[in-house]
Amino acid sequence: MRIPPRFSQRLAIAFLGGATLVTLVILVAIIVFILEKGLLVLGWEFLFSSPKDMGRAGGIFPTLIGTVLLPLLAIIIATPLGVSTSVYLTEYTRESKTTRVIRFGTDCLAGIPSIIFGLFGFIFFVTTLGMGWSIMSGGLTLAFMILPTIIRTTEEAIRAVPKSYREVSFSLGATRWQTTKRVVLPNALPGILTGVMLGIGRSIGETAAVIFTAGSSLRIPESVFDSTRTMAVHFYILAREGISTENAYGTAAVLIIAVLAVNLLAYWLMNRFIARRS
Amino acid sequence: MDAKFDIQNLSVYFRGIHALKSISMAVPSRRILGVIGPAGSGKTTLLRALNRTNELEETTRIEGNVRMDGHDIYDPSFDVVALRRKVGIVFALPVPLPMSIYDNVTYGPTLAGSPNKQRLDMLVEKSLRDAFLWDEVKDRLTMSGLRLSGGQQQRLCLARVLAMEPDVILLDEPCSGLDPISTARIEEALTLLKKDYTIILVTNNTKQAARVADDTAFFLMGEMVELGTTDQIFTSPVQQKTNDYITGRFG
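Chains as they are written, first to last, in this note's numbering: chain A, 1 to 278; chain B, 1 to 251.
Computed list of chain A residues with no C-beta within reach of chain B, every gap over 10 Å:
#, residue
1, I13
2, L72
3, D107
4, I243
5, E246
Here are the computed lysine to any residue pairs in the SDA-like style, where the Cα-Cα straight-line distance is at most 25 Å:
#, chain 1, residue 1, chain 2, residue 2
6, B, K117, B, P98
7, A, K163, B, F14
8, A, K181, B, A112
9, B, K117, A, W177
10, A, K181, A, Y267
11, A, K97, B, R61
12, B, K194, B, R31
Some chain B residues judged to face chain A by a derived CB distance under 7 Å, without partners named:
#, residue
13, T53
14, L56
15, R85
16, I89
17, V95
18, G108
Don't read these hints as lab results, they were simulated from the structure.
Quantities reported herein were computed from a predicted structural model and do not represent experimental measurements.
All C-beta atoms, glycine included, are put in the ideal place defined by N, C-alpha and C.
Here chain A stands alone, though its shape is the one from the complex (with noise of 0.2 Å):
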């Protein structure tokens, strides 16, 4: 039996835009359940004053110390090794088995859980090196775990601009390098900072990671070989511990309209390079 076109259309729609709306309620109903509990707590008061009795009074101050400095820690390191990598293996190398086994080795590390990072990161930085619970492991070790997005993202972004421009650069008389820099990385630009900006979302967002790492310092940290806490962190302890249910949801409406701030400042930057363009 054959579906007439105009009977299918009318299905297509109807499944689509179901779909869209299923979603988009799910995602609606998250931010205002969190938000509706969250902003009984929120307030001046809350945001800057530090935690007492573990966090069941008082604010989360050092908490959101501790979240700009870890994952602003992780973006500074991953994001220059992460989109030099993906310039070298999309423009200074050709195809071979040694690119596809790195990009197949990228993406299987994308893919493994955060609390084996943090394991490594424990072992590693904290114990081996002997940096401690601190502010630099967690860092570097946040940095490892959004390393593999960041590379995989630039490069999508890298092979997407298209190749006539690399000729005309090259016929131009340009040298690899130059291409690279004038051609290929300002309009892989967008591309790359979505992938900076996922990689920004996980570290904030992370929990075993950091407590391996960084620890659950309650301290506002001195140095960056201090302990700290994240907010994400202060959460699941609070919550986890049935300290205060209360802040823990002050806490989460935090997080949640911090993470919305950072990518409407993404978008908002990307358009403006945009707009500069064109």
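With chain A held as given, fit chain B onto it using these hints.
Positioned in the frame of chain A, the structure of chain B alone reads:
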């Protein structure tokens, strides 16, 4: 008549295809050489052999000898970047780089160093004038080159090559996607440019070669069938195949 290029037994193979079969020819200075022939006859490969852009393709092999002003351009010690600055190419499809008109034109000159702003401004105006584009874009040089029409984009590509102040301009079917008016403007530009440059114009349009070329070469299946002055090729070709092609019996 001094030769700009002296090509001896040039063969090019890529992707398992023998694209050029032992070509020998001289390309005279400050004239327009038209290269005609059906698709797949090796015209583009010939062009790309002259500024060594064939080798950007991964599996290219080249045999034979190409001398420019007496120097072997395939000699390992020959500076390929310098060669590409001297031998500019305009591709079949206009490819403006995704940047402003001004930056497109100055792309080549700023690669070699950073000439001062005043000199760049002059270069931009001169190149755009020579490419017959200046009047249409002089008030919007900061606009993206991608927003120009197809014909304007191709003239921008020509201006971009001119800004490098090359010796030779290679054009690979530059008008294949253009309307007759844009085509006429490019042809007009070329006719004026030949007093300063050696120009090789590959074209699918036999009439275009007849209109603008001083000399014409006919290529077929990787071989050069005949080379002569345009008058001679179009009025009294020596080879039967040339005659068949220009009278439209095949191709």
